[in-house]
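Chemist: The primary structure of each chain is shown beneath.
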Amino acid sequence: MTDFNDTTDHEAKADLIEIAAYKYKEGLLTRRGFLSAMAALGVLPALGSKAMAQAKEIIVVNWGGRASEVLQEVLCDTYTAETGIPVIVDGSGPSGGKIRAMVESGAVVWDLCDSGMGTALILTEQGIIQPIDYSIVDKDKVLPAAVYEYAVGNYVYSYVLAANPKMLGGNVPQTWEDVWNTKDFPGMRTFRKSVRGMLESATMAQGVPMAEVYDALGTDDGIKAAIDKFRQLRENIIVWGSGSSSQNLFLQEEVAIGNIWSTRAHLLKDQMDEGSFTASFDGGVLAPGVWVVPKGNPAGTEEVMKFIAHGQDPKLQVQWLEMIGSGPVNPQAAELVPAELQKWNPSSPENLATQIFYNDEWYAKNQVAAEEMYIDALIN
Amino acid sequence: MKTSGFRIFFMTGAWMVLAFLLLPILVVIPVSLTDTSYIGLPKEGLSLQHYAAYFQDPRWMAATWTSIWIGVVVAVCATALGTAFAIGCWFLSDRASTVARWILITPILVPPVVQSLGFYRFWVTLGLIDTNTGVILAHTLLALPYVSISVFAALANLDRRIPQAARSLGASVWQTVRAVVLPAAMPGMVTGGIFAFIVSFDEIVGVLFITVRNVSTLPKKIWEGIQEDIDPTIASVATMLVMLTLVVTAITIWRGRANA
Amino acid sequence: MPRLADKYRYWFLVLPALVIMIVFYIWPLLGIWQISLTEPKAGIENYTRMFDSSAVTTSFILTFRIAILTTIGCLILGYIVAYVISNFARRAKPLMIALVLLPFWVSVLIRSFSWIVLLGRSGIVNDSLIGAGLIDSPLRLMHNEFGVVLAMIHVMLPFAVLPLMANMRGISGAYVDAARGLGASEFTAFRKVYFPQTMPGVMSGALLVFVLSLGFYITPALLGGGRVLMISEYITYQIQEFLNWGLGSALSVALLVATAIVILIAARFVNLRSALLERGS
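Chains as they are written, first to last, in our numbering: chain A, 1 to 380; chain B, 1001 to 1260; chain C, 2001 to 2281.
Worth flagging that the hints you see were computed from the coordinates, not collected in a lab.
One should not assume that every hint holds.
Claimed, not checked - Here are the simulated DMTMM-like cross-link-like pairs (lysine to aspartate or glutamate), alpha carbons at most 25 Å apart as the crow flies:
no., chain 1, residue 1, chain 2, residue 2
1, A, K295, A, E125
2, B, K1043, A, E274
3, C, K2041, A, E104
4, A, K295, A, E372
5, A, K269, A, E177
6, B, K1043, A, D270
7, A, K365, C, E2045
8, A, K224, C, D2052
9, B, K1043, A, E350
10, A, K295, A, E57
11, C, K2041, A, E372
12, A, K139, A, E302
13, A, K224, A, D178
14, A, K166, B, D1035
15, B, K1043, A, D273
16, A, K166, C, E2241
17, A, K295, C, E2241
18, A, K269, B, D1159
19, A, K139, A, E350
20, B, K1043, C, D2136
21, A, K166, B, E1044
22, A, K315, A, E340
23, A, K224, A, E104
24, A, K365, A, D220
25, A, K343, A, D273
Unchecked claim - Some, not all, of what chain C presents toward chain B, calculated at C-beta under 10 Å:
no., residue
26, L2015
27, M2050
28, S2053
29, A2055
30, T2058
31, I2068
32, L2095
33, F2104
34, V2108
35, L2212
36, E2278
Quick reminder that beta carbons are idealized off the backbone N, C-alpha and C, glycines included.
Construct all of the structure, not just a fragment, from the sequences and the given hints.
Modeler: As structure tokens, then:
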């Protein structure tokens, strides 16, 4: 786990950030006359007495937990070993809101954020993130579906059908239709607190073939039909808001079935007792995780791009899969995956064949309206 | 007096309600001593491993320390500001000062999420996001109502003629405040200060909004723990806080008995 | 009346806290109105969207329902405790008061955590009931309204007991004694004579619990399982998931207005001054 050196680094960094924030805001504060207010509060001297310092390092942010440790070990420490540039992982969760707040406040402390396409699209639109420099980052080392102007795939994950056979009397739901069959598969289900990856499964549960899912969802009726499926099931639904909460719901045996991220399924297969966890990529929705770089990141654009390029190494990506189940986004990595893990690799050729790709265009067009209907179906 | 059914009903009811208040809080104690790595009652024996996990994790320690010192700073700031405020209002006791008192207690009534939203946007423009200063300022504002209410309550017992007498004997306003009013306000200041510390020490919604990664307080760490991986370390932290509360409460009762 | 020059000096004491409160609290609060009318573009679009959305309506109804249930629960349980403490308890009185106050000092977060531990599917309550052979399969105690309301009553109960106790302290026993002397049963005397006198306490307890419940976030978010989506959680959801500051702010304004309306209505029945401003601690 975390050792003491690590903390020292964090504290050093924290200190610098405070200074940066102060430096940046100084003019603004003076102009608006808030300095005097601050002084009245007695907080100003504490801010003013610190010296400015320089540090060249990269702060990479992801969502915490084990994933942070793995990211540190697999990508960051190897990069430091190669280049001497310290790379520090911060697991505090780079939600779109936080990235935006940081960029707007001008006190950007993050260099690289592990984000999702949905968020990345919004951030692109709002002008919060930087374009990816494809002269440094290699386009060919990324699944074509994960190459964007302002974001680039870092790994892939899927929305998969997970179940606890022990709670279901040994029965395992094979298809999304089974998930909606509460008679033969009684028990609570968990779905995400957002429509992402969820409406697809509800559409497949109506018998729509995989390839036609987004066509069906392309019409208002299609969306309504999917939402209605959730309305039918809602008494059996507990919602997960974060990956870790979906994991907890299975660990605490709160739910028997769920539509969760493959990365969490990967962890659960080791954490749960023998025979009490399965997951299937059949009918899954494959989504790329993406790197985004906030505007005005402290380490500078070039440094971060180099680090992204470092992470494209297929060997490192396979290690990542072994450790936390993130599928390699580099197509060249598939053959390096050990045999026993093939089945858990979201981007293995076999699993790619049974899944559909997350459709960003659909989300850009329909998500907002769909989310509203989804919440309504769940709580009304 | 013979015990009626009416009385029995109320007495049993009251003790049951008090048990309902107390017991759920105590449940963290056995859980914290579990020998398993997940939340549950001890299986084969008691274990202190989750206490060890707490004390050995620098992140928990740092968060605890942050919460304590921020709480103390908030208590000092809020008590100073709130006491001055209450004393001023007590002297004035006019319409305007009543309006001022209403303004000062708004943080009690405004929903936490709403006020945090306000903090967040304003703190962004001030550059206070994710700084200790930002948290201290927000918590001081949230604690001010409690200090001003308790100091004002303490002053209710002070006879208005005493400071008047002091003034007519030639004492200045400041001398009067120092020598006459402050001593009377003291019990209220102590209560208010403790309240202020606790408000800050327990505050979570605001911290979730206005901090990102630099500032981590104990409640934030607990919140993340519950969201992330519910492990018994949280129960050990909770147990220590609950025990502390129980001890302080017991001392208060005991002292109350002794005084009575 | 203070002399004029003195008056300035007294205002000098009042102003620091007041100015800080206005600049750093009231002003940002007003800023929320502005956001709701300007993001993503100027106009009342956020409000029309909000009123058209059936999810928002549902969430508001849910919020009020939970606040009402919590208030009723707190009043019934709180009344019993306050009544016993004020009328029957002798030696146990300090202990009982301490037990009422105790939850105040333990953070809401920890109390919610306790409830998670108790009410989960494989939580302590279910495990013991199964162990005792009373049920075969676990009951659903959490991730629904039941769990949220139960935990919220636990959190809010002291806020109901304290105003009730303050009120009962001022009630003379002479009236009840008189009624008893005239032949009324203990219950009748309570119902006809004592209870009406406690109405101010009941009202201010109800106001406090209701207003605090309306804006509650922590407990529903942790125990609601995402399906007991109260307005506060809805607001954070809009902002954190969709970066939709406009709608989030509009919802905040709506919640603020709803709270204000409740307080204004309550002002007809409750002496707000004694319920809020002069609350003893």
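Chemist: Does each hint hold? Answer for all of them.
Modeler: How the hints compare with the structure:
For the proposed pair K295(A) and E125(A), the alpha carbon gap of about 13 Å is at most 25 Å, so the pair holds. Taking the CA atoms of K1043(B) and E274(A), the gap is near 20 Å; set against the 25 Å cutoff, the hint holds. Distance restraint check for K2041(C) and E104(A): the Cα-Cα separation of roughly 18 Å lies within the 25 Å cut-off, and the hinted pair is therefore satisfied. For a cut-off of 25 Å, the pair hint linking K295(A) to E372(A) is broken: about 31 Å separates their Cα positions.
Restraint check for K269(A) and E177(A): satisfied, since their Cα atoms lie roughly 23 Å apart, inside the 25 Å limit. Of the supplied pair hints, the one linking K1043(B) and D270(A) holds, its CA atoms being roughly 22 Å apart against a limit of 25 Å. Between K365(A) and E2045(C) the alpha-carbon distance is near 19 Å, which keeps this suggested pair within the 25 Å criterion. For the proposed pair K224(A) and D2052(C), the alpha carbon gap of about 17 Å is at most 25 Å, so the pair holds.
At roughly 43 Å between alpha-carbon atoms, K1043(B) and E350(A) are farther apart than 25 Å, so this suggested pair is violated. Of the supplied pair hints, the one linking K295(A) and E57(A) holds, its CA atoms being roughly 16 Å apart against a limit of 25 Å. At roughly 20 Å between alpha-carbon atoms, K2041(C) and E372(A) fall within 25 Å of each other, so this suggested pair holds. In summary, the hint linking K139(A) to E302(A) is supported, as the alpha carbons are separated by about 16 Å, within the 25 Å threshold.
A threshold of 25 Å between alpha carbons decides the hint, and for K224(A) with D178(A) the separation of about 20 Å falls inside it, so the pair holds. Distance check on the hinted pair: K166(A) and D1035(B) sit about 24 Å apart at the alpha-carbon level, within 25 Å; holds. Between the alpha carbons of K1043(B) and D273(A) the distance comes to roughly 17 Å, so the proposed pair stays at or under 25 Å and holds. Restraint check: the Cα-Cα separation between K166(A) and E2241(C) comes to about 34 Å, which exceeds 25 Å; the hinted pair is violated.
For the hint linking K295(A) to E2241(C), the alpha-carbon distance of about 20 Å falls within 25 Å, and the restraint holds. Restraint check for K269(A) and D1159(B): the C-alpha separation of about 72 Å exceeds 25 Å, so the hint is violated. The suggested pairing of K139(A) with E350(A) holds, with an alpha-carbon distance near 23 Å, which does not exceed 25 Å. The hinted pair formed by K1043(B) and D2136(C) meets the criterion: a straight-line CA distance of about 21 Å does not exceed 25 Å.
Restraint check: the Cα-Cα separation between K166(A) and E1044(B) comes to about 24 Å, which is no more than 25 Å; the hinted pair holds. In summary, the hint linking K315(A) to E340(A) is supported, as the alpha carbons are separated by about 17 Å, within the 25 Å threshold. With a C-alpha separation of about 37 Å, the suggested pairing of K224(A) with E104(A) is violated against the 25 Å cut-off. Between K365(A) and D220(A) the alpha-carbon distance is near 12 Å, which keeps this suggested pair within the 25 Å criterion.
For the suggested pair K343(A) and D273(A), the alpha carbons sit about 19 Å apart, so the restraint of at most 25 Å is met. A hinted interface residue such as L2015(C) counts as satisfied when its beta carbon comes closer than 10 Å to some beta carbon of chain B; here the least separation is about 8 Å, so the hint holds. With its C-beta approaching chain B no nearer than about 15 Å, M2050(C) sits outside the 10 Å limit, and its interface hint is violated. Given hint, S2053(C) at the interface with chain B, is violated; its Cβ is 18 Å from that chain's nearest Cβ, farther than 10 Å.
Because the beta carbon of A2055(C) sits about 17 Å from the nearest beta carbon in chain B, more than 10 Å, this interface hint is broken. The interface hint given for T2058(C) is broken, as the beta carbon of that residue sits about 18 Å from the closest beta carbon of chain B, more than 10 Å. Violation of the interface hint for I2068(C) is found here, the shortest Cβ-Cβ separation to chain B being roughly 16 Å, above the 10 Å cut-off. Look at L2095(C): its Cβ gets to within about 6 Å of chain B, closer than 10 Å, so that hint holds up.
Because the beta carbon of F2104(C) sits about 8 Å from the nearest beta carbon in chain B, less than 10 Å, this interface hint is met. Nearest Cβ of chain B to the Cβ of V2108(C): about 7 Å, under the 10 Å cut. The hint holds. Given the 10 Å rule on beta carbons, the hint for L2212(C) holds: about 8 Å separates it from the nearest Cβ of chain B. A distance limit of 10 Å between C-beta atoms decides the matter here; for E2278(C) the minimum to chain B is near 7 Å, and the interface restraint holds.
Of the numbered hints given earlier, the model fails hints 4, 9, 16, 18, 23, 27, 28, 29, 30, 31; all others are met.
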